[in-house]
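Going down the list, the protein sequences come from chains A and B. Residue numbers for the first sequence follow my numbering, so the first one is 520 and each next one is one higher. Residue numbers for the second sequence follow my numbering, so the first one is 624 and each next one is one higher.
Take the hints with a grain of salt, since some may be wrong.
[To be verified] Chain B side only, calculated, beta carbon under 10 Å to chain A, not exhaustive:
#, residue
1, N628
2, M630
3, V677
4, I715
5, S717
6, V719
7, L722
Just so you know, these hints were derived from the structure itself, not from any lab. Since we're looking at a predicted model, the values are computed, not measured. Beta carbons: idealized from backbone N, C-alpha and C, even for Gly.
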Amino acid sequence: MEILKGLESYVAKVRTSFSGDPGKWADYLAKYQLSDYFGKDSDGKVVEKRPGDRSLLEEKVNEAAKKYSEGFSGVIRKVAAKGTMGAALAYQVYGLFSNAAIQSIGNATYGLFVLKTLAEAPYLAKYLKKSHDWYGAIYHNLLKPVRAAIPFIGPAFEAGAFERMVRKRIMYEARNEFLKEVKSYVPLEDRIKESLKKPIGSVLKFPGQEEPRELRKVA
Amino acid sequence: MEFHNIMVHAVLTCKEKDKAVDIAKKLKENKERRIFVVDDNDKLKGVVTTTDLVYKAFEKKDVIAKDIMTKNVKHVDVKEDIEKALEIMNEIKSFVCPLTEDGKVLGVVSHHDILSHVLGSLE
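Given these sequences and hints, build the entire structure.
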């Protein structure tokens, strides 16, 4: 069940990242990432448990979106992304109806992917400087060869991949800022330290025993 | 993620005056590699491993646990924090750490169980 839930959340995240509507990003966060603060009504619509949380979440999403709105919608990058991937797609379609060798179509696709990667490199550097999202950047680049190997769909996915990476980051930052605001955000390092500072006697389980050993017995 | 308690794994114990040959038999029967040496009050005095048996007791007569055991065994008390157990494992380069209560041996805790507990408590 946990695996299915995780998979559903991942699919929803990917689907949401295709949308440029901040309202949908907030919907995703409320439904999957912040389910402790949002519930569902009888129609399955996401509703806030505490008045004002929805507007706070939307505010955080808009703030994060604004942070990344400047400097990433460059004309050069957009033209390069749409142009190269459009060309790759067009060439693959042309390959269907012509006698062009598969090898030459593959080489052209890889070449156009490399061209796109080079064109977006300055923007990626700018993005990393602003977000420090190394995971997102590595994931984005590691998927490039995979997308290049998939005919038709690959170039179409690659065309908006950079935007999707930024949108995922926006959702991540909005979630953290929302949790900070409602005072329940604890950095991961602090949570690990806290769990290691517990007396070991309070969390022990002996063979054949279901419940943890009570601390008062050992204190 | 499910919350995991740290499992205490049972261990073998023997007395200081127990013969090496009997300890070897006990280890073989239980398919274990270490046995903790305790006094009459079950307080931890040392540990004997299969390596100790091979290097210190092989082809020797009347060797007892006290002669071959490693003394001053690092251990974590139930009142100490989980981090201490990890520090000891790191220090002795082992994936388990002896657990005691007022010096008495309770068992061992494993690196794997501690990691599961920490990861489970993050959710």
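To test your reading of the hints: which numbers does this structure violate?
Violated hints (numbers, rising): 3, 4, 5, 6; every other hint is consistent with the structure.
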